[in-house]
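Chains as they are written, first to last, in numbering that gives the first Met the number 0: chain X, 0 to 228; chain B, 0 to 239.
Because the hints were derived from the structure by calculation, they are not lab data.
It is possible that part of the hints are untrue.
[Stated by the list, open to error] Label pairs and their computed distance ranges (CB to CB):
| # | chain 1 | residue 1 | chain 2 | residue 2 | range |
| --- | --- | --- | --- | --- | --- |
| 1 | B | Ser135 | X | Arg124 | 52 to 62 angstroms |
| 2 | B | Asp70 | X | Arg124 | 19 to 29 angstroms |
| 3 | X | Thr42 | B | Asn13 | 48 to 58 angstroms |
| 4 | X | Ala59 | B | Ser164 | 22 to 32 angstroms |
| 5 | X | Val35 | B | Asn13 | 56 to 66 angstroms |
| 6 | X | Asp88 | B | Asn130 | 42 to 52 angstroms |
| 7 | X | Ser87 | B | Ile71 | 50 to 60 angstroms |
| 8 | B | Ser118 | X | Gly216 | 36 to 46 angstroms |
| 9 | X | Ser86 | B | Ser135 | 49 to 59 angstroms |
| 10 | B | Lys24 | X | Arg65 | 56 to 66 angstroms |
| 11 | B | Asn130 | X | Ser91 | 54 to 64 angstroms |
[Said to hold, decoys possible] A short, non-exhaustive set of chain B residues, derived as facing chain X with CB atoms under 7 angstroms:
| # | residue |
| --- | --- |
| 12 | Asn13 |
| 13 | Asn47 |
| 14 | Gln68 |
| 15 | Asn72 |
| 16 | Arg75 |
| 17 | Thr76 |
| 18 | Met80 |
| 19 | Phe82 |
| 20 | Gln84 |
| 21 | Asn86 |
| 22 | Val94 |
| 23 | Val102 |
| 24 | Met103 |
[As the list claims (entries may be wrong)] Calculated Cβ distances over 10 angstroms to all of chain X for the following chain B residues:
| # | residue |
| --- | --- |
| 25 | Leu78 |
| 26 | Asp167 |
| 27 | Gly172 |
Note that the structure is predicted; figures quoted are calculated from it, not measured.
Every residue, glycine too, gets a C-beta built ideally from N, C-alpha and C.
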Amino acid sequence: MDFSFAGNYMPMFLNGIKLTLIISVISLVLATVVGVLVYFLKTSRWSIGRIYPLRIISFAFIEIMRGTPVLLQILVAYVLVSMIPSSSDLPSNMVAMIASIAAISLNSSVYIAEIVRAGIQSVARGQMEAARSLGMTHIMAMQEIIMPQAIKNILPAIGNEFVAVIKGSSMAYVLGIAELTFSAKVVQGATYKGLEPLLISAMFYLVLTFSLGRMIGWAERRMRASDSH
Amino acid sequence: MIRIKNLCKDFGENRVLNNVTTDVKKGEVVVVIGPSGSGKSTFLRCMNLLEMPTAGEIIFEGQNITDPQSDINSIRTKLGMVFQQFNLFPHKTVVENIMISPVMVKKVSKEQAYTKAISLLNMVDLLSKENAYPASLSGGQQQRIAIARALAMEPDVMLFDEPTSALDPEMVGEVLNVMKQLANDGMTMVIVTHEMGFAREVGDRILFMDQGQILEEGIPHELFNHPQNARTRDFLSKIL
């Protein structure tokens with residue numbers, strides 16, 4: 000194997016990392032926000048007669064996002080974003096970015112909604128009762144008592160989901176976004192080397208996912224402070 | 000202080016409370032006894048609306064709290080509750096557990112809430128545990144903190160749902176002592192318990208419940224020594 004080209008093409012890889020990070024970080028934030036929203040829709044008590052419209056919407060959304068491939072969702076998102084009238088004013092790679100981020104974050108949000116549900120249910124029922132018996136409103140109890148404990152329980156699962164989003168961002172490559180996987184393809188073409196550029200990209204992905212894993216682990220240990228004696 | 004009229008509670012097809020009627024007077028210590036599944040916990044939980052009654056009325060300090068218009072949260076601040084499983088907040092320290100509700104709900108200043116918390120910790124004899132987390136405390140200590148937490152809201156009534164049932168036998172005494180002290184200080188209390196010795200000593204009135212009804216009530220001496228109802232006699236003969 001010959002990695003002598005690596006130095007010359009490093010700016011290309013670094014640019015790839017930058018785009019991978021932009022897609023991943025924005026997607027993670029959006030996925031978390033939308034995920035919590037989907038959870039609230041899914042558990043909403045608002046009904047018309049015996050029908051819960053918000054629950055039905057969230058159910059359909061979850062099934063569609065979970066039951067179809069992300070790659071296909073990215074392609075669909077690209078077409079849909081292109082159909083927005085003002086999108087023609089944007090550079091085409093911007094449209095591709097928006098479409099990728101939208102598809103990846105919406106897809107991830109349904110898994111995050113499920114993780115949030117499991118986390119909240121993992122908090123003992125007596126916690127809500129105790130908080131309410133002290134006069135707290137439902138919202139206060141959620142904020143101060145339930146959520147802080149739920150977050151501690153869901154952190155490992157959220158960490159996995161975040162790693163999945165970083166890896167999933169590689170699919171943005173089908174829209175021609177020069178993220179890390181795309182960079183490897185370009186370098187392959189320029190150097191006529193098959194394996195080495197892919198290995199370099201793989202190594203960078205590992206650096207990203209591994210450091211994220213460490214950060215989550217650190218957060219978990221901090222939150223576990225109250226368990227120790 | 001609390002007037003309960005024809006209280007009923009159904010869980011699906013199952014009628015757990017059936018026309019329960021009684022009064023709790025100011026300063027009175029009412030002890031509810033009865034076999035498991037007799038509805039005594041549900042009865043207690045209805046009093047601060049952790050369970051919504053299916054029918055009947057609860058008049059607390061002149062206000063019908065079962066009325067859907069009533070402000071449940073402000074009513075609950077006047078009814079302290081102590082649970083079998085303590086239900087302390089595990090992510091907060093002992094003193095935070097006690098302070099959180101006065102600060103959040105009653106908007107008491109942190110300094111004031113802290114002063115109150117310290118005096119309550121002193122009362123339950125756990126001053127040294129101020130900054131400990133609940134997981135590091137024994138069951139008896141946790142339950143005493145739970146009592147302090149409920150008292151921090153300065154409730155008019157304290158409700159106890161089998162407060163010693165989840166404790167090791169040697170820790171029961173320390174919790175009962177705190178409750179006894181409360182009773183002596185004139186707190187109005189409704190206690191569901193299996194501690195008959197405690198019921199006899201501290202109770203002003205005993206309610207015997209079975210199958211969702213109050214079958215017999217009376218002062219401890221009468222009810223324990225001369226039970227009128229056959230079911231009460233049967234129950235007491237098995238446990239005393």
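- Item | chain X contact restraint for Arg75(B) - C-beta distance below 7 angstroms | It holds, given that the least Cβ distance between Arg75(B) and chain X is near 5 angstroms, below 7 angstroms.
- Within 22 to 32 angstroms or not, the Cβ separation of Ala59(X) and Ser164(B)? Check failed, 46 angstroms falls outside 22 to 32 angstroms.
- Query: Does Asn47(B) pass the interface check with chain X, least Cβ-Cβ distance below 7 angstroms?
  - Reply: Since chain X brings a Cβ to about 6 angstroms from Asn47(B), closer than 7 angstroms, the hint holds.
- Hint check, Asn86(B) versus chain X [nearest Cβ-Cβ separation less than 7 angstroms]: With a minimum Cβ separation of about 4 angstroms from chain X (threshold 7 angstroms), the hint on Asn86(B) holds.
- Taking 7 angstroms as the limit, does the beta-carbon of Met103(B) come near enough to a beta-carbon in chain X? 6 angstroms, holds
- Claimed clearance of chain X by Asp167(B), with the beta carbon kept past 10 angstroms: Its Cβ never comes within 10 angstroms of chain X, the nearest being 18 angstroms, so this holds.
- Regarding the hint that Thr76(B) lies at the interface with chain X, is the smallest CB-CB distance below 7 angstroms? Status holds, d = 4 angstroms.
- Hint check for Asn13(B) and Val35(X) - Cβ pair distance inside 56 to 66 angstroms: Since the Cβ atoms of Val35(X) and Asn13(B) sit about 36 angstroms apart, the hinted range of 56 to 66 angstroms is violated.
- Taking the minimum C-beta separation from Leu78(B) to chain X, is that value above 10 angstroms? 8 angstroms, violated
- Taking the CB of Ser87(X) and the CB of Ile71(B), does the distance hold inside 50 to 60 angstroms? 55 angstroms Cβ-Cβ, so the 50 to 60 angstroms window holds.
- Item | Cut-off 7 angstroms, beta-carbon criterion: hint that Val94(B) touches chain X | 13 angstroms, violated
- Over 10 angstroms to the closest beta carbon of chain X is the bar; see if Gly172(B) clears it. At roughly 24 angstroms from the nearest Cβ of chain X, Gly172(B) sits farther out than 10 angstroms, so the non-interface label holds.
Violated hints, in rising order: 1, 3, 4, 5, 6, 12, 14, 22, 23 and 25; the structure is consistent with all others.
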